[in-house]
Every structure is written in structure tokens, then in C-alpha cells.
Amino acid sequence: MSKILILAEHANGQLNQATAKCVTCAKAIGGEVHLAIFSNDGQAVAKQAAGLADVSKVLQIDHQDFSHPLAAQIAPELAAQADGYGYVLAPSTMFGKDVLPRAAALLGVNQVSDIMAVNSARSFKRPVYAGNAIVDVTVPADSLVVATVRTASWAAAGEGGSATIEQSAPQSDRPAHTRFVELRTEAGDRPDLQTANIVISGGRALGSAENFEMIYALARKLKAGVGASRAAVDAGYVPNDMQVGQTGKIISPELYFAFGISGAIQHVTGIKDAGTIIAVNKDADAPIFEIADIGLVGDLFQVIPELEQALS
Amino acid sequence: MKVLVFIKRVVDYNVRVKVRPDGSGVDTGGVKMSINPFDEIALEEALQMREAGTADEVVVVSAGGNECQQQLRTGLAMGADRAIQIDTDKTLQPLSAARAFLALIEQQQPGLVLLGKQAIDDDNNQTGQMLAALWGRPQATNAAEIVINGNSALVTREVDAGLEVLDIDLPAVVTTDLRLNTPRFVKLPDIMKAKKKPLDVVALGELTSHDDTNLQIGQWSPPAQRSKGIMVDDVAGLVGELKNRGLL
Ligand SMILES: Cc1cc2nc3c(=O)[nH]c(=O)nc-3n(C[C@H](O)[C@H](O)[C@H](O)COP(=O)(O)OP(=O)(O)OC[C@H]3O[C@@H](n4cnc5c(N)ncnc54)[C@H](O)[C@@H]3O)c2cc1C
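If you're matching them up, the sequences are chains A and B in order.
Read in our numbering, the first sequence has 51 at position 51, and its numbers run on one by one without any break.
Read in our numbering, the second sequence has 209 at position 209, and its numbers run on one by one without any break.
Since the hints were made in silico from the structure, they are not lab data.
One or more of the hints may lead you astray.
As the list claims (entries may be wrong) - To spell it out: a stretch of chain B is covered by chain A in this simulated footprint if at least three of its residues, at any positions, have a beta carbon under 8 Å from a beta carbon of chain A; those stretches are:
(1) 15-24
(2) 66-78
(3) 82-89
(4) 174-188
(5) 209-216
(6) 229-241
Even for Gly, the Cβ is constructed at its ideal location relative to N, Cα and C.
Using the sequences and the hints, build the whole thing.
Right under this line is the structure:
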């Protein structure tokens with residue numbers, strides 16, 4: 001049976017849910033599933049990882065140089081740890097997309113990006129052209145499979161596992177040429193955009209950062225995460241980490257509200273896996289209505305307050 | 001400092017590509033082709049560095065058949081000093097592209113290498129990271145700001161949690177995100193001038209004999225369509241519909 005190594009993502013002592021989604025993809029491939037955790041102190045994360053269903057071993061590699069998720073530090077060590085494995089997987093989050101191709105090159109293979117379905121142990125489906133086409137990619141039997149997993153396509157693995165935790169020191173040399181300076185986050189108390197059941201997004205039509213307050217207020221009422229189109233981010237209404245789409249976050253909430261978003265393909269590709277899409281736009285011909293489950297032609301500056309009222 | 005910018009010829013982002021009925025690929029015949037938008041941002045950044053005096057030469061490079069000379073000429077018209085075509089009729093997988101780019105880097109000795117974070121055709125998001133790995137140099141992906149400080153650079157990156165700042169030694173590979181800058185428009189006189197700028201052609205085989213193709217591309221299919229939804233007249237209708245479906 002082949003062995004699958006998953007690069008775990010974590011921050012502040014918490015395992016990221018994207019990792020549990022990779023486990024589900026690994027199960028679809030079939031094999032013994034191991035998780036690798038790179039941290040300066042990975043004990044808490046390793047415990048959470050060991051509790052994931054279907055994970056049989058957790059590699060906890062602690063070193064001061066892993067206190068920040070730097071590709072230049074992690075990739076060589078991941079490549080070293082990959083010895084004996086048939087597969088190396090990572091979530092297609094910004095972290096996975098940064099680290100895994102660097103490891104793949106060190107391992108001498110191309111990466112399969114964004115696995116959305118598993119055809120067989122060596123054949124996968126992945127989206128291209130902003131999701132306008134899906135292509136089958138096969139990795140020959142003599143080649144290692146290095147792949148990122150499109151998290152929106154997979155449910156998170158459950159709990160109840162009891163994997164063994166193996167601690168070790170790094171085997172590879174780590175470079176000094178890349179230094180972490182700082183992470184700037186606008187930490188809020190809103191649910192995480194990528195895991196929220198409900199997401200409310202606003203587009204260029206909001207017109208200002210102040211007006212975006214309407215979206216936040218509605219989100220508070222519904223305990224929803226908040227997203228945005230690229231136009232809203234570019235205009236400075238909201239920070240970049242709220243962008244949904246081809247080059248932002250690919251999300252799959254049960255309920256997605258798009259207020260004043262036209263529905264450009266680059267945006268739509270980020271919400272294709274949402275359960276129910278609700279679109280409010282004053283233009284009846286806006287392309288967003290082609291993919292919305294429930295559409296309402298109207299002015300968002302009237303609709304949002306009315307909706308808030310109706311939900312009270 | 002010499003800056004090398006790698007650009008890829010792709011189907012323009014405004015084109016809605018369609019999968020061929022026989023599943024052999026997408027229809028690209030007669031379709032508008034452009035510089036990959038992220039690479040265009042990379043080139044713009046290099047030009048701004050030259051204008052600010054941190055760069056003194058901008059070289060634009062593309063791998064492909066003669067048709068990619070069109071994008072190289074556009075790059076020259078934007079302001080690149082010279083262009084290099086890595087001539088190949090093969091579709092290079094990211095590791096092959098990275099291997100060829102590295103060979104060119106060894107000849108050209110740039111202080112900085114810029115390329116887009118992903119190409120909007122294959123959406124792979126691999127080449128920059130692979131190039132940095134093979135070169136054994138720093139990488140900073142998804143750049144939203146680049147500040148050159150002599151032999152190092154401060155790069156602000158777009159990450160899931162917000163913005164991350166890295167301090168990297170040069171030379172390095174930086175991949176560019178959408179908010180780094182807005183590329184300039186090309187003016188007609190610049191297009192005329194670009195025709196006289198040097199465009200060298202080097203055969204892929206002169207750079208590398210290593211074939212890194214390990215993925216087999218099979219059948220293509222259109223994405224699953226979401227079924228057509230309904231329209232409601234007002235907020236009451238919307239709330240009613242959500243309640244009916246048990247969503248509220
Ligand atoms: C390489 C590339 C990558 C990209 N990646 C992304 C991405 O990841 N995510 C993304 O979102 N975009 C992305 N884009 C941009 C994308 O093409 C669109 O430009 C963007 O999504 C448009 O944002 P918008 O819908 O908010 O703005 P617009 O297209 O300007 O739409 C505004 C909408 O608001 C409606 N409106 C106006 N006033 C009101 C009102 N009072 N009430 C109700 N409706 C109103 C209008 O009818 C219109 O439909 C990318 C583009 C490129 C080239």
C-alpha cells in the first residue's frame with residue numbers, strides 16, 4: 001500500500017481545517033495517511049492532527065526556523081521527509097501553494113495543482129482557465145505524486161483517530177537568505193471566510209469602506225463570514241484577505257450572498273461549490289444571475305436594511 | 001541591477017474559453033491572445049524599478065513558438081530594453097520551464113527575477129517557486145509591494161491571513177499579485193520603437209536537454225453547470241424562499 005504524506009497547515013497552535021480536507025482527498029486516493037507538522041513547538045498541533053480520523057502517523061518536526069511558515073525553510077525539509085512516500089499532498093491555500101512547488105522541484109517532479117476529484121490512484125481532475133474547463137491529469141506509475149488539494153471540493157475528515165506522534169529534528173540544511181519580518185492581519189471576531197457556513201460578499205457597488213459596514217452588520221446578524229470582489233478590494237473598501245475568486249479564496253459555504261457583484265468568471269470560480277447562491281444586483285442582466293439560485297433585482301442600499309429588518 | 005521578467009502568452013482574460021466537443025482541449029483558434037495579466041504586472045514593476053533607478057536593465061523573456069514574439073514585442077513596447085525568446089514548440093510543464101529559465105539566468109546573471117504568480121490558462125502557480133528551488137535562492141510569492149534595499153528586498157506578500165513581509169537576499173525570485181501595480185497602456189509610437197529593439201532567439205535545446213515532463217494531460221471536460229435558479233420580486237420573497245428551503 002502506498003504511503004501519503006500531507007503537509008499540515010497551522011497557526012497559533014491550531015491545525016487549519018484545510019488539512020482535514022486533504023485527509024479526505026488522501027482517503028479517496030487510498031493508502032496510509034501521515035501528516036507532517038513543521039513548527040517551533042508543534043506539540044499542540046500534533047495532538048490535534050493525531051485525532052483526525054484515518055491518520056495513522058504524525059511527524060512532528062520542531063525547529064526554531066519553523067516558527068514562521070517560510071517556503072525556503074520548509075520545502076527542503078519536506079522533500080527530505082518525503083523519502084519512502086508515494087504521495088506528498090498540501091492544501092491549495094496560500095501556504096500550500098507557496099511551499100509545495102518548491103518541494104516538488106527539489107524532488108524533481110511537476111506538481112498536480114488543485115485536485116478536485118480522484119479518478120483513480122494516479123489520475124485526478126483539476127480546474128484550469130479559471131474553472132472554465134476541467135482536465136484529467138495522470139501521473140505515471142514510476143513518478144512520485146506531488147499535489148495540492150482544492151479544499152472547496154472536499155469535506156473535512158472527522159475526528160476519533162489515534163495516530164502515533166513521531167518527533168524528529170530536521171535533516172536538511174536551512175538557508176539564511178529568507179527572513180520573516182512580520183504578519184499583518186486585521187484579526188476580527190467574524191467567522192473565518194474559508195470555513196463559515198454563511199458568507200456575505202460585497203462588490204464595487206458598495207462604494208466605500210464606510211458603506212461596507214452594512215455588510216458587516218448583516219454578517220453579524222447571520223453569524224456569517226464576509227467576502228468581497230476584487231474590485232472592492234482594489235478600491236480599498238476591505239483588506240486583500242477577503243477577496244473571493246480565482247486569485248483570492250475558493251470557498252464552499254452553504255449560503256453565499258453576493259451584493260452588487262457583477263459575476264465576472266474570476267469571481268464566480270471562487271463560489272461554484274457554494275450550496276445556495278443569492279444575488280442582489282440592480283442590473284437584471286448581470287451575469288451573476290446566471291449562476292445564482294435565488295436572484296433579486298434591486299438596489300442593495302434598500303435591500304440590505306430591509307433584509308436586516310426582516311431577520312430581526 | 002538587471003531584472004529578468006518571464007512572460008507567458010495566454011488566452012486573454014476576457015475570453016470565455018470553451019472545451020472542444022471531443023474533449024481534446026479548449027478552442028483557442030481565432031481567440032485573442034495576451035501577456036498573462038500577472039506577468040504584465042511583473043513587467044510593469046520592473047519598468048518602475050528602472051524609472052526609480054533601482055534597476056538599470058529590464059529583459060523580457062518568453063518560452064514558446066514564434067507566436068510568442070507578439071507578446072515579447074508588446075513587452076518591448078511597454079518599455080523593456082530587450083527580449084529573448086526561448087524557442088520551443090512544446091508546451092512546457094512548470095518544472096521544464098523553470099529548468100530552462102534557470103539556464104538563462106545563469107547566462108544573464110540578473111539581480112532580480114520577476115514573474116506572475118500564476119498563468120491564467122493552466123492556473124498552475126508553480127513555476128516561480130520551482131525556479132527559486134532549482135536556483136537555491138529566496139522566493140517571495142504573491143507580492144503586493146517590493147522595496148529594494150541594496151542587496152536585499154522587503155517584499156509584502158498576500159497570504160490567507162492578511163499580509164506577510166519577508167526580507168530576502170538578492171538575487172531572488174518574486175512572483176507578482178494583482179495589487180502590486182496597474183500596468184501602463186502601450187502607445188502607438190512605442191510600438192514602432194519596439195520594432196527596433198533587440199529580440200534574440202535561443203533554442204530550448206541550447207539551454208537544457210533535461211526533459212521534466214512527468215504529467216500526462218488527458219481528457220478535458222466542461223465544468224458542472226449550476227442549475228438555473230429563480231428570481232424573487234422583493235425581500236419578503238427572498239426571506240420566504242430561504243425559509244422554504246430551510247436555510248434560515
Ligand atoms: C487575472 C485576473 C484575476 C482576477 N481575480 C479575481 C478574483 O479572484 N476575484 C474577483 O472578484 N475578481 C477577480 N478579477 C476581477 C474580475 O474580472 C472583475 O473585474 C471583478 O470581479 C468585478 O468586481 P465587482 O463585481 O465588484 O464590480 P463590477 O463588475 O463593477 O460590478 C458591480 C456590480 O454592482 C451592480 N450595482 C451597482 N450599484 C448597485 C446597487 N446600488 N445595488 C445593487 N447592485 C448594484 C452593478 O450592476 C454591477 O453588476 C480578476 C481579474 C483578472 C484580470
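Point to revise | Structure versus earlier hints - violations, ascending order | key: 2 and 3
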